[in-house]
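**Q** Be aware that the sequence shown starts at 1, since it is given in this note's numbering, and climbs by one per residue.
Zero decoy hints are in this set.
DSS-like mimics (lysine-lysine), calculated; alpha carbons at most 27 Å apart, straight line:
{"id": "1", "residue 1": "Lys844", "residue 2": "Lys894"}
{"id": "2", "residue 1": "Lys207", "residue 2": "Lys220"}
{"id": "3", "residue 1": "Lys67", "residue 2": "Lys155"}
These are calculated hints, taken from the structure and not from any lab test. Just so it is clear, the structure is predicted and the values come from calculations on it, not from any experiment.
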Amino acid sequence: MTEARENTENLSAENVSNTGPEHRYTPQLANQIESRWQQYWDDNGTFHAPNPTGDLALADGTLPEDKLFVQDMFPYPSGAGLHVGHPLGYIATDVFARFNRLLGKNVLHTLGYDAFGLPAEQYAIQTGTHPRTTTVANIANMRRQLGSLGLGHDKRRSVATIDPEFYRWTQWIFLQIYQSWFDEQQQKARPIDELYPLLESGELATKDGREYASLSEEEKDRAVDEFRLVYLSDSTVNWCPGLGTVLANEEVTADGRSERGNFPVFRKNLKQWMMRITAYSDRLLDDLELLDWPEKVKSMQRNWIGRSRGAEVDFRCEGHDITVFTTRPDTLFGAEYVVLAPEHPLVDALLSPVPYDDDVDARWTYGHEDPKEAIEAYRSDIAAKSDLERQENKEKTGVFLGSYATNPVNGKKLPVFTADYVLTGYGTGAIMAVPAHDERDYEYAQVFGLPITEVVAGGDVSSAAHTGEGTYVNSANDDGLDLTGKSKADAIATTIDWLAARELGVEKIQYKLRDWLFARQRYWGEPFPIVYDEAGRPHAIPEDQLPVELPEVDDYQPVSFDPDDHDTEPQPPLAKAREWIEVEMDLGEGTKTYYRDANVMPQWAGSSWYQMRYIDPTNNDAFCDIDNERYWTGPRPEVHGPNDPGGVDLYVGGVEHAVLHLLYARFWHKVLFDLGHVSSKEPYRRLYNQGYIQAYAYTDSRGVYVPAEEVEERDGEFFYHGEKVNREYGKMGKSLKNAVAPDDIAENFGADTLRVYEMSMGPLADSRPWATKDVVGAQRFLQRLWRLVVNENTGEVAVVDAELGKKDLQQLHRTIAGVRDDYENLRVNTVVAKLIEYVNYLTKNYPGGAPRAAVEPIAVMVAPVAPHIAEELWTRLGHEGTITFVSFPSFDEKYLVDDEIELPVQVNGKVKSRVQVAADVSQDDAVAAALADDKVLAAIGEKSVVKKIVVPGRMINLVVK
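Please work from the sequences and hints to get the whole structure.
**A** Laid out in C-alpha cells, this is it:
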C-alpha cells in the first residue's frame, strides 16, 4: 500500500472521525480554532510592526527600542503551488519571530513575491494567457496556502516585483547606479555630476588617456560612459536561438544547453547593459569578514570573486603586445606557447595571411591548410560550449594562428594558439602556457606535441605536471634575472621587479568576478528607464516620469529560431510594440522622438533590494525613508560590536542562492550606501541556510517519474497501476512527482500539527525525510498538551490550584531555560523535544489535573511553534487578548543545579544498588550511605570491606573479602 493511502486510512480511522470524547483535540476542532485565531490576528493587526515615521508609524509616536527584522528569501509564485518542503524555512522564521515578540521586541516579518521571470512568460506562451494573469493567480494561491499555516506576517508590507509601484523604485535604483561612477581613490560610488569637473580640470584622466577638454561633445559623453557603474558593452553572452533570448550563466547547464527547454546555447557578442560590479570586488570580498554568515557561503563568494595576485606580462607578437595575467611569473622561463581565447580581439589580427608551412605539425591546423579557415571552423564547433564545459572539458582542442610571440625573459619564439580552455572572462583572455607546471597546459602540450621544460625541480615532468614548490632550474638569463636558490615568494617578487624595470610587465591583482550582464530579451520583466536618440545614445528617463510601465501586448513571445542556428540575432518581444517603443518627450533639448529599450531587466533586479521596500512599502516619495531604514537595519555597534555593518537581523533561505542573489544584493546595497540612501553597509547581517525536505520518488521501466501517491507497496516491492517501479530518494518537488501539499496536511491534521512536525524532524540546517505517517506523533503531543488544560469529556478547564513541589519546579525551570536557549539559537527541533518531555512529565505525575502554575508556562513556551492551540489554551485558562505579547517565562538558576545526586554502588566491581546523596557529599558520608543500603549489605554478607573507593559525582566501589 502506498504511504499516502496508508496515511489516508490512518486519518479516517484514528484522527479525522469524531468518535471519542466530545471535546477531544481533533483535526476538525484544530481547523476551527486555527481559522478563528487567524481571523482574530487579521482583524486586530496583531503582527503589524510600527515604523518610526510615515504611514506605518503609531499615532502616539511610541516605538519599542528593541527590534528584530526577520526575512525569508524571496519566493517565486509557481503555478504548481507549494509542497510541504517550501514552508520549512517560513515556519522556522515565524517561530523565531514569535519567540522574539514574547521577549518584547518590535518584530518586522513579512513575505513578498519575486514574480517576474522566464517561467511565467513561457507558461503564457504555451497557454495564451497573459503572464500577469497567471502570476497574480499563483500569488493568490500561495497566499492562501501559507495563510492556512498561521504565519505571523505583517501583510501591509507584502510586495510583488510585478507591481508598478514596486518596480518604479527598481527603475529608480537602476538610474542611481547608472548616474554614478566608482572613485578608485575613495573606493566608493559618487554621483556622475562630480566626475565632470575632475575630467575637465585634468585631475582625472580619461580611460584611454586622451585630454577630455579636447574631445567633441559626443566623445566626451562616451568618455564619461566608460566610468559609469551601468554601461553598454559589446559583451560575449549566452544566446539561445531556441528560446529567442540571451541567458545568464546560471540559466545554462554544464553541457551548454538551456536549463529551460534543453536548447543549445551559443557564445555570441551583443551590445548589452552591464553593471560594473567588479569595481566593488575588494569591498565585496573584505566585508565578508563583518558578516554572521555560514563559512561555506563566505567561501563560495570568495571563490566566485577569485582575487589573486600576480603579474601582467607582455609577449611581443607581429607588432602587437599579447598581455597575459599569471599568478606564477616565476615560471616564465618554462613558457613554451601562448594561448588566446577564441573570442580574444587579437586572434584575427595575429592570423597568418598565408597557408601553414609544410613543416607545421598537422595536429596544430585543425584539418585545414589556411589558418583563417581553421579558425572559422573551430569557432563554429565550440560555439555551443558553456564556460563551465570549456573549463572542465578534458579533451584539449585548439588551432595554431601561424604566428609566434617572444618570451620576454629569454627571447624564445613561442607558437600562438587559440583554444577553448582559455576564457575571456578571467584575466586578459590570454595565457602563457607552462606545461611542466600546469596540469591543463601539460595535457595540451601532450596532445599537440609541444615541448615541456622544467623550471621548478621536484617532480617527474615526463609523466605529469609538477605544481608544487621546489628548486629553480633553467631560470636565469644574461640580463640580470636569476632565480636560482630563491624561495617561491622571492622568485615571484624578483621576476615582477625585473619585468617592471624593463616595462615588460607590471604587478597586478586579478579577479574571477565579471561584470553583471543586466539585460534579457524577454517580455515579462522590468522595463529599462532609458530611451535612445536617433544616434543610438542612451538617455535616462526623468525620475518624475517613473515608472516606465510594461505595456499590455498580445504577443509576448520572442522570435525563436532554428535551435542550432547560432548566426541569428535576438529580437525581443517588446520590439514589436512600436507605439510603446517610440515616444515623444522633452529631455531638455525640446520635444523629440526617442526609442525605448526593448530589453528588460533580469529577475535578479527586484530581489536585489526588496528588503528595503518591506521597511517602507507605502512611501511614495522614496524607496525607503532613511530614518525607517536606520531603525530596522542600521548598524548597532552597542549590540553587535564596533564593526557591525547593519542589515537584516536574520535572513533565511537555501544555500543555492549563496553566490548570485547575495552578491548582486550586496552590490546594489553598497552603491546605495555610498550615495547616502541607506545607513547600513550590508543588506543581511546574519544568514542562515535551511535544509530541504526530501521524499521517496518512483520511476517506471522507462525511467519516467510516476505520481508517488498512486504507488502501492506489496511485500517490499512497489507498483504503479500494476507495473513494478523503482523507488529512490530525492528532493520533494513537481519534477519527481512526490510533492505533498501543506494545505492538505493542515486540513487533515491541523496547521499546528504540521508546524510541530516540520520543526521536530531534525536540525533546521539539515535536509530531512518526509513521512506523512509520522505526522500523527506531533498530533498526539498536541492532544496531550490539550488535555492538560481541557477536560475531554466536559470541556471544562482541567488545571488545579496547587503548589509546585521541588521536583516540579526543577522540571519547569530547566524546561524554560533549555527552551529559551534553543529558540534563540534556532534549535527548534530540540525545543519540541523538551516541550514533549515536559508535557509527558505533567501527564504522568498529574493524571487528575496538573497545577495551573506548571501548565500556564507551557502554553507560552509552545506559542511560537504551535500558535493557534497556544492562543486557545491561554484563553481557556482565563486570559484575555492574544498570547503573542505575553512575556516569555523566566527561570531561577537555583532550580538548574542538582542538590541531590544518584550514585551507583559497586561491590567488587559489580553494581548492586544506587543511593541518593547530597551533591556535595563527602567521601565518608557517601560510603556511609552505601553501607546503610539493604541491597549493598546483602551483597556484602559475611565478608569484610577491605577497600572503599569513591569517585566524586560518579560512583562508589566497595572491595570485600
